[in-house]
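Turn these sequences into a full structure, and let the hints guide you.
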Amino acid sequence: MLLSLKAHKALPAIFLACGLVAGQESSNSTFDVLDYVNPLIGTSNGGHSFAGATLPFGMAKAVADTIGENQAGFAYDTTYVSGFSHMHDDGTGGSPSLGNFPIFVHPGCPNDALDKCTWQQADRAIPWTKGSPKARPGYFSITLQSGVFAEMTVTNHSALYRFTFENATESLSPVVLVDLMDLPQSRTNGTASVNPSTGRLTGNGTFSPSFGIGTYDLHFCVDFKGGVVRDTGVWSNNRAGQGQTTVSLTSDGSNTAATLSAGTFARFNMSTDDQALMARVGVSFISVEQACSNAEKEQPDFDFTGTVNAAEDAWRDKLNAFTVKPGNVSSDIQQVFWSGMYRTMISPQDYTGENPLWQSDEPYYDSYYCIWDSFRGVHQLLTLADPLSQSRMMRSLVDIYRHEGYLPDCRMSLCKGYTQGGSNADVLLAEALLKNVSDIDWATAYEAVVKDAEVEPANWNVEGRGGLTSWKSLNYIPTDDFDPYGVGLHTRSISRTVEYAYDDFCIAQMAQRLGHQSDYETYMLRANNWQNMFKDDQKSYLQGKDTNFTGFLQPRYPNGTWGYQDPIFCSPLLNFTSCYLNADGHETYEGSAWLYSFFVPQDMAALVTRLGGPQTFTSRLTYLHDSGLLYVGDEQAFLTVFQFHYSGRPALSTQRAHYYIPSQFNTSVSGIPGNDDGGAMGAFAVLSMMGLFPVHGQDVYLISPPFFEEISIQNKQTGKVATIRNVNFDPTYQSIYIQSAKRDGQAWTKNWISHDFFLNGGTLELELGPTESDWGTRDEDLPPSMSNY
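The opening position of the sequence shown corresponds to residue 271 in this note's numbering, with each subsequent residue numbered one higher.
Bear in mind the hints are in silico, worked out from the structure with no lab data behind them.
Keep in mind that the hints are not guaranteed to be accurate.
[Stated by the list, open to error] Calculated pairs, PhoX-like style, for lysine-lysine (alpha carbon to alpha carbon, straight line, at most 25 angstroms):
hint, residue 1, residue 2
1, K400, K495
2, K990, K1012
3, K990, K705
4, K805, K815
5, K805, K742
Predicted, not measured: the structure shown is a model, and the values here were computed from it.
Encoded structure:
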């Protein structure tokens, strides 16, 4: 998801293997997967990766908050730290998210005078020491130039901070403040209190989501260990006073959170015998009491080392579904893989038991940020690596429908997020059904997706679909649509049309599986609607020269006449930033008509034919990648890397994957090409390197050689193990082309495979060579398309 400019990186060329590293076979007892997870990847240049401490899908996420582009709290290309907060999101594109109630530590106040300390966010910020951040699953640390060394770890609903002080004298009097603030500075109301005896800091506030509508309330509770409480009080603006125990802020129209903040503080006496000052922070969407209870239950002993160890064990348990035999590939390549897997398990976040909106026995997950981003890779990877969590997330989507009337397309902080294209939860539920994800109420799930397709909501900016009357009568979404039935942004007619068509295809697959034959026929017809915006004689010019490719999606008016949008508009080569959600006058979303003209996953055979046949299609797709028209930092680009499979050239898909990894996906702090978007970039890297790239919404995996000698995936529901093994594996990646394949010892000529391989287990053996072969190139070996059913 994008709301602001993402830099189009030109990263270093492919680097090759560089020596032996610790292997990853289970027999190698020295291997620890966490040694290959680097949470700092993607923390600069707009990656917005969350670098801090979290559990898998955990609610509490602790990190240092920096001044600048701080969507996930900490960014490596910054200078100042303004606080340490306890909840964050990963990879969001627009406004920063969460970061509520940051605490900040002064080693002491100048001349021991409270008014000599700084309090407001911008004033108190202190430079952090370059090279000091250390990040590992469940742990983050950083050194500030004030001499504060800050470490943090988490449980599900609480964070534990440990502060030690360099150059401490015989006595030390640190001040810990809490700020009624969040990262996007969205607070309207807030109250903070302090207990003068214990120093406990509590409070709550009302905030706005970063990419949606409405508000949410959040509560906090901070307890301390180490030192002795010296005094407590409140602060407002840049003044502090002792004695008072409560401060409140109300939105009165005369100030904003950015111009007026306040909070409470506790000051401590510490001696050189004190090892550290520790702060335990509980958070809750329910109440202050529950915030305190969460912390007390989950971390009763302020056991920092024990909490880190428990977090590490939780991460090892999640990551152990995959086993890799690296085959002498570089440590960097392994880090790209495991770090991508790690980031895919940061969100959505498990808020079960923390939902004040309704009572339910179903799981509640939040931070679906956004499904438009995650339906193309994140949930496909979770279906393989953690099918139980995938089931719980799908159950949560269905339960949101039960209580709010529609499936979300984006959701965060208990609020409805903005819809960017289609109703993409339809894709996720259809795929979950096709792949036998368990324990889902399929009758209600089907009811929900049909409502998306048939009933226009009052505000289709945040749920469902708009323009359904035109969709059903004209069979496309027109430019300048007349739609009195709901409110929404009348833009993106091209991208909405192709997304709605694919959503309806996915609903058709559900209808067929669930026995609704009439619905199946209806939605299969609508799945063809992409063709009604395809202008066969439309040409495209680049720098005044004909690209020699004809036929592109184009805007179309309600009367059937054609509009015009330059096919390269909103590509990196022309007005790249003109197709964001909040921009006017664009008919594609975050991409060009060049890109969207390839988005027909339901019927690639028909698209290949319409674009001139396999040879022309291959040339055109190659041109998309070579010309600079494609930005791989947005999720619509992912499938285009592997669409050569549909024109009978799977070797070219493999070649493209090796171009982008590691040129665009590597171990640097700028090592992803765009916002991580809740782990979407990480999922693309893992799935590409795994060698079986899933076509979202379908039971289809496109076969390409893994980046390792061998990789195995254990299904945690069935216990079965699926292994993809390269024969003649070359760690320098000169021999990357499949010459032949065997599945469980039998010849396998199809260039795709279905999910039964993972459910039942088995071995897919790929013989590699240095040149393209005829494997997977015959018509009968290509992936399925609806026109061939």
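So, going through the hints one by one against the coordinates:
1. K400 to K495: violated (29 angstroms)
2. K990 to K1012: This hinted pair holds, its Cα atoms lying about 19 angstroms apart.
3. K990 to K705: Answer holds: K990 to K705 is near 15 angstroms, not above 25 angstroms.
4. K805 to K815: holds (20 angstroms)
5. K805 to K742: holds (20 angstroms)
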